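Residues per chain are reported as follows:
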Amino acid sequence: MKRILITGANRGVGFELTRQYVQAGDNHVFATCRTPDKASELNTLAKQHPNKVTIIQLDISDSKSIESSVKAVEQHTNALDILINNAGIFPKGGHQSQNLGKLSINDVSQVVTTNSVSPLIVTQAYRHLLKKGNNPRVVMISSQLGSLINAGSGSYAYRMSKASMNMAARVLANDGDMSGIITITTHPGWVQTDMGGASASITPTQSATGLMKLINGLTRSDNGKFYKWNGEEHLW
Amino acid sequence: MEYILITGASRGIGLGLVQEYLESGDAYVFASCRNPDTANDLQTLAQTYPNHVHVIQLDISDNESIKASLQAVLEKTEVLDILINNGAIMPRTNETRQFGELDMDALTDMMKVNAVAPLIVTQTYANLLKNSAHPRVVMVSSEMGSMQWTTSGGAYGYRMSKAAMNMTARTLAMDANIPKLIVITTHPGNVQTVMSGLKTGLLPRESAHGLVKVITSLTTEDSGKFYQWDGEEHMW
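Just so you know, the sequences run in chain order A and B.
Take the first sequence: its letters are residues 84 to 319, numbered as in our numbering.
Take the second sequence: its letters are residues 59 to 294, numbered as in our numbering.
Bear in mind the hints are in silico, worked out from the structure with no lab data behind them.
Misleading hints may appear alongside valid ones.
Have a look at the derived ranges for each label pair, beta carbon to beta carbon [what the hints assert, rightly or not]:
id: 1; chain 1: B; residue 1: Asn235; chain 2: A; residue 2: Lys215; range: 30 to 36 Å
id: 2; chain 1: A; residue 1: His211; chain 2: B; residue 2: Asn235; range: 44 to 50 Å
id: 3; chain 1: B; residue 1: Ser82; chain 2: A; residue 2: Gly280; range: 46 to 52 Å
id: 4; chain 1: B; residue 1: Asn93; chain 2: A; residue 2: Gln140; range: 41 to 47 Å
id: 5; chain 1: A; residue 1: Gln179; chain 2: B; residue 2: Asp163; range: 26 to 32 Å
id: 6; chain 1: B; residue 1: Asn185; chain 2: A; residue 2: Gly259; range: 27 to 33 Å
id: 7; chain 1: A; residue 1: Gly300; chain 2: B; residue 2: Asn93; range: 53 to 59 Å
id: 8; chain 1: A; residue 1: Lys215; chain 2: B; residue 2: Asp120; range: 40 to 46 Å
id: 9; chain 1: A; residue 1: Thr286; chain 2: B; residue 2: Glu279; range: 24 to 30 Å
id: 10; chain 1: A; residue 1: Thr288; chain 2: B; residue 2: Trp207; range: 34 to 40 Å
Calculated cross-link-like contacts (lysine to aspartate or glutamate; reagent style DMTMM-like; alpha-carbon spacing at most 20 Å) [stated by the list, open to error]:
id: 11; chain 1: B; residue 1: Lys238; chain 2: B; residue 2: Glu81
id: 12; chain 1: A; residue 1: Lys147; chain 2: B; residue 2: Glu159
id: 13; chain 1: B; residue 1: Lys188; chain 2: B; residue 2: Glu136
id: 14; chain 1: A; residue 1: Lys154; chain 2: B; residue 2: Glu122
id: 15; chain 1: A; residue 1: Lys147; chain 2: B; residue 2: Asp163
id: 16; chain 1: A; residue 1: Lys147; chain 2: B; residue 2: Glu122
id: 17; chain 1: B; residue 1: Lys271; chain 2: B; residue 2: Glu81
id: 18; chain 1: A; residue 1: Lys147; chain 2: B; residue 2: Asp167
id: 19; chain 1: A; residue 1: Lys308; chain 2: A; residue 2: Asp260
id: 20; chain 1: A; residue 1: Lys135; chain 2: A; residue 2: Asp120
id: 21; chain 1: A; residue 1: Lys185; chain 2: B; residue 2: Asp233
id: 22; chain 1: A; residue 1: Lys214; chain 2: B; residue 2: Glu159
id: 23; chain 1: A; residue 1: Lys185; chain 2: B; residue 2: Glu122
id: 24; chain 1: A; residue 1: Lys185; chain 2: B; residue 2: Asp120
id: 25; chain 1: A; residue 1: Lys147; chain 2: B; residue 2: Asp120
id: 26; chain 1: A; residue 1: Lys175; chain 2: A; residue 2: Asp164
id: 27; chain 1: A; residue 1: Lys215; chain 2: A; residue 2: Asp277
id: 28; chain 1: B; residue 1: Lys125; chain 2: A; residue 2: Asp190
id: 29; chain 1: A; residue 1: Lys308; chain 2: B; residue 2: Asp163
id: 30; chain 1: A; residue 1: Lys154; chain 2: B; residue 2: Glu159
Keep in mind the model is a prediction, meaning the values are calculated, not measured.
We put the CB at the ideal spot given by N, CA and C, even for glycine.
This is chain A alone, in the form it adopts within the complex (with noise of 0.2 Å):
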C-alpha cells in the first residue's frame, strides 16, 4: 500500500491524481484542499473509497493550518510514501494583471510565496513521516514556466515562482537532512483545468496518468531533476 498525499486536491490535476491513484489499487490518499465543504467532486469520491481517501483540510499559505495537516494525517498513519506539492495558485486578475506597469509588491509576493515558500514548508511539515515511508518521493507539481532557459514574456509573479519552487526542488535533493528521499520537479503540460483554460493542450486525465506513471518509476538517479508529465526531461 502506497500513503499519498496531495495538496490542491479538490480539482484539476491534483483530483485527478487523487482519482487515478484510488483507482490503482491498494492506495490510500490524503487529499487536502483549503475547503473540503465546496470540494463536491473529491467529496463523492471520498464516499465511494472510504478506506482508500481521507479529507483533510489544509490551506498551504497558512502555516498553523500546516502543522493541524500533519496532526490530522498522523492520526491515520506513521508514514508517507509519495508527497505531491500540487496547489498553486494565478493572480487573480489573470495574464493582464501580471503586465509590466501593473505589478504590485504585494500581489506578487503572495503568489511567489504560495507557489514556493508553501511547497517548500509543507515538504519540511512532513519530513518525519516521509522518512518512514518506502521509497519516499517528494513531486513538486511546476510548470514549464518556471524554466530559465525557455523564457518567455509576461506573467512574471507566475515565472517567478515556478523558477523558485523548480530551485526548492533542487536544494532538497541535495539536501543531507533529505537523505533517502527523492526529489523532483514537473512540467504538468499545458492541462485543461481552471488554471489552464479551455483550449489547453491536454486533458487533467492525461497529465495524471503521465505524471503517475513517472512518479512511480523514480528511482535514485532521478533525484533533482526536472521532469515533463510524458517522462521527457525538461530544460531548466
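Given the coordinates of chain A, assemble chain B onto it according to the supplied hints.
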C-alpha cells in the same frame, strides 16, 4: 553623461559600483540605501563628488519608499540609462537556511526583498529608462540562483530568491514594453562583504570593476543573459 541608479549603495558591491562610476568621470549616480544617515562611506564619497552623486533614501521592500525615490530622481532627470538592482538581504538565521527550521514568514520576507522588489523598482523606473538611448537594467544576483550549479543543501531562501530574480531578468528581457532595453543578471563573484561574511576572495572594488566593464560593453544580443563579474557567461 549617463544617469545611473544603484540600490544597496551604502556598502559592499553597491558602494564599489558607485566608486567605479564616479571615478570614470562621466556618470551621475543616484546612490540609494535604506539608511543614508548611517551610510558614512557613501556620504564621504558624496562630499568628494558633490556634482556627480545624489544619495537617496530607498527601502526597496516598501512601495511608498520606491515611489518617493522616483520623485527624488525626477527632480534631477527624466532619463535613466542604467538601473542596478543590487540591494538584497541575507539573514544569517536558520529560518531561511536550514531544513527543519525554515520559517514561512522569514522566507516570504526574503523573497519579497531579493526577488519581487527589484521587479517593482524596475517597473517604477520604466518610464525613465524608456527616455534613454541605451537603457540597461542589471540584476546583481548570484551563482546561488543557478539551478544547474546547485549541488548542495541549505541556504534555501537565498537560492530561491536569486532563482526568482534571474527569472525576473529573463522575463524583462522578453518584455516589449521598454524598447531597446537590455536586461542582464549577474554573478558578482565571491566577494568579501559584510553580507557574504567571506574573509577571502574578491574585494568589492574588483567585483565592481568587472561588473562595470560588462555593463559598459552591453549590446542588444546580451539581453536576457547571465554573466559573471569577469564577463564569462554563467550556466542557468
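These are the hints, each one checked on the structure:
Here the CB-CB span from Asn235 (chain B) to Lys215 (chain A) is close to 51 Å, at odds with the stated 30 to 36 Å. With their beta carbons about 47 Å apart, His211 (chain A) and Asn235 (chain B) fall inside the hinted range of 44 to 50 Å. A hinted range of 46 to 52 Å for the beta carbons of Ser82 (chain B) and Gly280 (chain A) is consistent with their spacing of about 50 Å. With their beta carbons about 44 Å apart, Asn93 (chain B) and Gln140 (chain A) fall inside the hinted range of 41 to 47 Å.
Hint check: Gln179 (chain A) to Asp163 (chain B), Cβ distance near 30 Å, so the stated range 26 to 32 Å holds. Between Asn185 (chain B) and Gly259 (chain A) the C-beta distance comes to about 48 Å, which lies outside the given range of 27 to 33 Å. Look at Gly300 (chain A) against Asn93 (chain B): about 54 Å separates their beta carbons, and that is inside 53 to 59 Å. The supplied range of 40 to 46 Å is met by Lys215 (chain A) and Asp120 (chain B), whose beta-carbon atoms lie about 45 Å from each other.
For Thr286 (chain A) paired with Glu279 (chain B), a C-beta distance near 41 Å fails the hint of 24 to 30 Å. Restraint check, Thr288 (chain A) to Trp207 (chain B): a C-beta distance of roughly 37 Å satisfies the suggested window 34 to 40 Å. At most 20 Å may separate the alpha-carbon atoms for a hinted pair to count; Lys238 (chain B) and Glu81 (chain B) exceed this at roughly 27 Å. For the suggested pair Lys147 (chain A) and Glu159 (chain B), the alpha carbons sit about 15 Å apart, so the restraint of at most 20 Å is met.
For the hint linking Lys188 (chain B) to Glu136 (chain B), the alpha-carbon distance of about 10 Å falls within 20 Å, and the restraint holds. Using a Cα cut-off of 20 Å, the hinted pair Lys154 (chain A) and Glu122 (chain B) is violated, with the two alpha carbons roughly 41 Å apart. For the hint linking Lys147 (chain A) to Asp163 (chain B), the alpha-carbon distance of about 12 Å falls within 20 Å, and the restraint holds. Restraint check for Lys147 (chain A) and Glu122 (chain B): the C-alpha separation of about 31 Å exceeds 20 Å, so the hint is violated.
Of the supplied pair hints, the one linking Lys271 (chain B) and Glu81 (chain B) holds, its CA atoms being roughly 13 Å apart against a limit of 20 Å. A hinted pair counts as satisfied when its Cα atoms are at most 20 Å apart, and Lys147 (chain A) with Asp167 (chain B) qualifies at roughly 18 Å. Distance check on the hinted pair: Lys308 (chain A) and Asp260 (chain A) sit about 18 Å apart at the alpha-carbon level, within 20 Å; holds. Of the pairs offered as hints, the one joining Lys135 (chain A) and Asp120 (chain A) holds, with about 19 Å between alpha carbons and a cut-off of 20 Å not exceeded.
With a CA separation close to 13 Å, the supplied pair Lys185 (chain A) and Asp233 (chain B) stays within the 20 Å bound. Straight-line distance between C-alpha atoms of Lys214 (chain A) and Glu159 (chain B) comes to about 17 Å, which keeps the hinted pair within the 20 Å bound. Between the alpha carbons of Lys185 (chain A) and Glu122 (chain B) the distance comes to roughly 16 Å, so the proposed pair stays at or under 20 Å and holds. For the proposed pair Lys185 (chain A) and Asp120 (chain B), the alpha carbon gap of about 16 Å is at most 20 Å, so the pair holds.
The straight-line distance between the Cα atoms of Lys147 (chain A) and Asp120 (chain B) is roughly 27 Å, outside the 20 Å bound, and the hint therefore fails. For the hint linking Lys175 (chain A) to Asp164 (chain A), the alpha-carbon distance of about 33 Å lies beyond 20 Å, and the restraint is violated. For the hint pairing Lys215 (chain A) with Asp277 (chain A), the CA-to-CA distance comes to about 35 Å; that exceeds 20 Å, so the pair is violated. A threshold of 20 Å between alpha carbons decides the hint, and for Lys125 (chain B) with Asp190 (chain A) the separation of about 17 Å falls inside it, so the pair holds.
Annotation: proposed proximity of Lys308 (chain A) to Asp163 (chain B) is violated, straight-line Cα distance about 28 Å (limit 20 Å). Between Lys154 (chain A) and Glu159 (chain B) the alpha-carbon distance is near 18 Å, which keeps this suggested pair within the 20 Å criterion.
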